[in-house]
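A.B. asks: The primary structure of each chain is shown beneath.
Protein chains: 2
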Amino acid sequence: MICSPVVQFYYENNRFIEANTMNCDVFFISESTGITADELGSSLLSQFPQFSFTKRYHPFIDTIEKAEILVEQINEIAEGQSVKPLVFATMANKQINKVLSGVAANYYELFDNYLDKIADNLGVVPRRESGLMHGLVNELQYDARIDAVNYTLAHDDAMVLKGLDEADVIMVGVSRSGKTPTCLYLALKYGIKAANYPLTSDDFERHAFPKEILKYKEKLIVTTISPQRLHHIREKRRPNSRYASMPICASEIKMAMDLYDRHGLVPLDVTSQSVEELATQIVRIYRLSKSVD
Amino acid sequence: MICSPVVQFYYENNRFIEANTMNCDVFFISESTGITADELGSSLLSQFPQFSFTKRYHPFIDTIEKAEILVEQINEIAEGQSVKPLVFATMANKQINKVLSGVAANYYELFDNYLDKIADNLGVVPRRESGLMHGLVNELQYDARIDAVNYTLAHDDAMVLKGLDEADVIMVGVSRSGKTPTCLYLALKYGIKAANYPLTSDDFERHAFPKEILKYKEKLIVTTISPQRLHHIREKRRPNSRYASMPICASEIKMAMDLYDRHGLVPLDVTSQSVEELATQIVRIYRLSKSVD
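Respectively, the protein sequence lines represent chains A and B.
For the first sequence, position 168 (counting from the first letter as 1) is numbered 168 according to our numbering, and the numbering increases by one without interruption.
For the second sequence, position 33 (counting from the first letter as 1) is numbered 33 according to our numbering, and the numbering increases by one without interruption.
Treat the hints as calculated values from the structure; they're not laboratory data.
Among the hints, a few may not be true.
If several chains are the same, the list does not tell them apart, and a pair holds so long as it fits within one copy or across any two.
Only pairs whose alpha carbons sit at most 25 angstroms apart, straight line, appear in this in silico BS3-like list of lysine-lysine [as the list claims (entries may be wrong)]: (1) 117 - 94; (2) 189 - 236; (3) 98 - 117; (4) 236 - 162; (5) 217 - 254; (6) 254 - 215; (7) 84 - 117; (8) 290 - 66; (9) 290 - 215; (10) 84 - 219; (11) 290 - 189.
This one's a predicted model, so the numbers in the text were calculated from it and none came from an experiment.
So that you can see chain A by itself, here it is in the shape it has in the complex (with noise of 0.2 angstroms):
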């Protein structure tokens, strides 16, 4: 699943528009992956819902003929358009920016802009090498984050309840509230080790967490959601079961929220929350654990 195309509407006015009414083609080019041009390009787009855009990825340009290639292949797909092309680029190198900035579209050069003025601030030159930031630079800290992954994977839905001596955070809710992708994108992206802990019942019956877990409540993560959204959720993963119906879902969120209160925690609301918002406030969380902000 890439890019599907989905009606939406956004509000504007006093009234719904249908968004993605206009069409735009969208390059992201870079010498390295491209992460950063098109995380900041799509940011960007993200604020014309009015529009859909047709996005194409140009990573590893990391040559002059490369670039030149590539100006003549947008140049060929803008001459036919109404709407000129965005070009999103994070290029290092000077003369590769040169070639691409010729390209008869918008060209949108993300690094130029800041890079001499950081440079004039710190009073030092920059490298201008692509692949820093999401290349193999630092190995050790890269290993780090590898670590961290299978440990989260060896740590999800409490497979193992040894070893959360080693864990940065432990993920506590109930089955399917979202738990393994985020402890996964905690541990990918910031090599945090993210065990995680559902919820069954065991526990509402016990009335309280496994000592196994309660041994590390400062690193616990408890957390709630809405019955519609995990009623929802399970309705997909077994339809029509007890398991996925409201009252048990219901029921369960209840019972943990007891179970929080008598442990005196106090939970993260997952329901309306994306893997990237809810992975913001537990890394806040963690940093301010280990007094770093």
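The hints should help you fit chain B onto chain A, whose structure is shown.
C.D. replies: This is chain B only, laid out in the frame that chain A set:
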């Protein structure tokens, strides 16, 4: 593991210079997650290895009051510093941006430079709403990403050889060559259903891929790695084991290459590539196979 400083060197004017010898405080600010500010800001900072940067994250600064308090905090920290702090912000709201821009530091707002220009190019007004990039905006697309994560987890290390018709890509390689983190990244970031299959002695003895895998030849991403790197990774997992020994690593890689050759497949070399770089290439191959560039 976050931001652990490591002594590194960089090469300039024919000599190695110790990196991180100067320090500068950096603030990342956003009304939402701050992922975009972090992404471009950190990309820019990676061009200055002479400095070690103390990074501070301030997501969810979505009111003028929060912005005012933050400006005071930054000004206080800035006072004692010889190098003025850098502030990277992505602000959709002009009023909050105005408050922040008064900070006694080098302030870089990353949206404003482009938002009005793009609006001019497109002939429409930007929404200037926060959380459009990493929030739960398009629920269908978001759910597809989470589905991809679940699929990838269920099809990690060939735990299930069924359901591969649903896979977007199937990564193949010897054990510990980085398939799992790359597949998880593909799923989390791009919503790509990425299964993976580790080559084992069974495959080598059979001199062929299993037919369940070969059936999906057009989806296969076969990988290779240097014996040294594989040895290094496996040693950390099982020190001094036969599994991690150089002869076994070298022989497995050789047998894998013979297999690829037999099936007419060209491998991706993962040796010195990060998860992000590999994913970028795989997405590219996948998009080309779908005739989407």
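A.B. asks: Where does the structure disagree with the numbered hints, that is, which hint numbers, in rising order?
C.D. replies: 10
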